[in-house]
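Could you put the whole structure together from the sequences, leaning on the hints where they help?
Mapping to our numbering: the sequence shown position 561 is 576, numbers consecutive.
It is worth saying that the hints were derived from the structure and are not from the lab. Please note that a few of the clues may not be correct.
[What the hints assert, rightly or not] Subject to a maximum C-alpha distance of 30 Å in a straight line, what follows is the list of computed DSS-like cross-link-like pairs (lysine-lysine): (1) Lys123 / Lys200; (2) Lys79 / Lys40; (3) Lys476 / Lys441; (4) Lys123 / Lys79.
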Amino acid sequence: MSAAPMPIFEYGNPELLEKIPLGAKTILDVGCGVGALGAAYRRRNPACRILGIEIDPEAAAQAKPWMTEVFQGDVERHPMPFEVPEGVDCIIYADVLEHLVDPWTLLKTHAQYLSPQGTVLVCMPNVEHWSFVARLLTGQFDYEEQGLLDRGHLRWFTPRTMAQALAEAQLQLSDATPRPAATDKAERFVQAMAPALQALGVDPQEYLRRAMPIQVIWRARKSAPERMEVSATMLAPQGGVSDVRVLEPLRALASDSSIYASVVPEQAVRPQLGEAPRIAVLHRPLLQGEDGRRRLRALMDQGYVVVSEFDDHPSFMEERGVRLDELMTFRGVHAVQTSTPVLAQALAAENPEVAVFPNGIFELPPVRNFREMEHLTLFFGALNRQNDWAPLMPVLNEVARAVGDRLRFRVVFDEGFFAALDTPHKSFEPSLVDYAGYMRELGEADISFMPLGDTPFNRAKSDLKFIEAAAARVAALASPVVYAGSIQDGRTGVLFRDPAELRAALLRLLAYPEATRRIADNARAYVAQHRMLAYQVEARANWYRALWERRAELNEALRARAPELFA
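Okay, here's the thing in structure tokens:
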């Protein structure tokens, strides 16, 4: 799937986008405009059926490329112009309800179309915003083309009256998130008004809380499932693994309004939702000896089900001097989550409660490569891989000398790889600030070089680098170790088994750049269809809930497996 360009203007409400349930199968965007929100969400969940209703004919026409279906018309006359036999998982009103004659009736009507766990999202201007009062006091309450005083506004809501409207529609309120703006001006205004507020019996600080948000985003549900909190720790980001294994899955879970998901230091893990189910996910923890037992007891004493998130073979720790017989990372927790079946098999020897969640892409990045077909850039971005690439470096240098400027190299992290390249057509970035920066660097290349030698450690690795390259529409040039399980050779990537095959494959990619781009397009389509995080968020949430339901059984198994924890 080659990505269409994004709409010509920037999308302006990222907070609303974050709150659309990532795993939704059908969403309805009421007042979809030109489709910016739908386009942004489709990059996260390409399989979702995205429906739009828009009254403006010109905007509706512009929205059609980004939506599954668009109805041009008045939503109050045609509240559900689509067939939705399984219901709608999320209905979105982004600055819409205030433009309607009877928003209360529309909410009640639409609530009937929600799926059993369906969500309503409302982004609403806050009529209690301090600027309304300031305008009234100065005699400047004049309608404008857009903003709080948009001349199209027919209705006004405070947070209290919006909550009441949702309740009248038989919706269960999940949360309300304020969107403050110009907070310094709000504070100065309230400070100036403090004597008058106090004379009226209004606490200035309480008024500031109500008057600061320019908008409020509401989430409400057709039914209210039991809340759950998932608290995760995270090692310092390195090469994107922390983002893919911790940050992005937690971000995905948080899009479900029944889940409170956060990344916190281990010592700061504390229950936030009373007696609600609580899961603690420890990222690659080194739990050893009495210190490890102390840390685990601290979490279990607070009632947590403890999960170890680990995506490397246990031999990784043994090679670094860790005694596995003293290690509690796997056997001392209730369950383990990992990225591949091979790893799951290795970890099951220590703990039978293992779940496999393959690495997934949170969002397809914008396409920004294959701009100069006569020059292709090969990307290499890895750490500690000299044993894998060193035997292949003579071939890379041979091809580089033969084709000259037709092959350029972009290297991230590995200075040894960069130094070994015998070509002037190379550049090096020793470190990147964040994962987004890594993906930008990758996305500007055309070929991604992914060698892995055939070792037990490498065989347990995941195909993360392939799905990252594929998501960015970059052609993978990879070893069969790990990648043969994901790449269709010649269709979604190119595999090489030895230096001779590498030489032939690289020369072919350079000689036929249009075919190389087709391979990259196919790979992006594969990720869009099969490897998006959106497609596994429900399974993750269900597994955590199932662990909680089985916690008595898991505690007994843990006591038998690691009795020293309970000494």
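Q: Would you mind confirming whether the straight-line C-alpha gap from Lys476 to Lys441 stays at or under 30 Å?
A: holds, 28 Å
Q: Below or equal to 30 Å on CA atoms is what counts here, so check Lys123 against Lys200.
A: violated, 37 Å
Q) Is the Cα-Cα distance between Lys123 and Lys79 30 Å or less? A) Status holds; Cα separation ~27 Å.
Q: Take the C-alpha atoms of Lys79 and Lys40, compute the straight-line distance between them, and say whether it is at most 30 Å.
A: Roughly 18 Å between the alpha carbons, so the hint for Lys79 and Lys40 holds.
Hint violations for this structure: number 1 only, all remaining hints satisfied.
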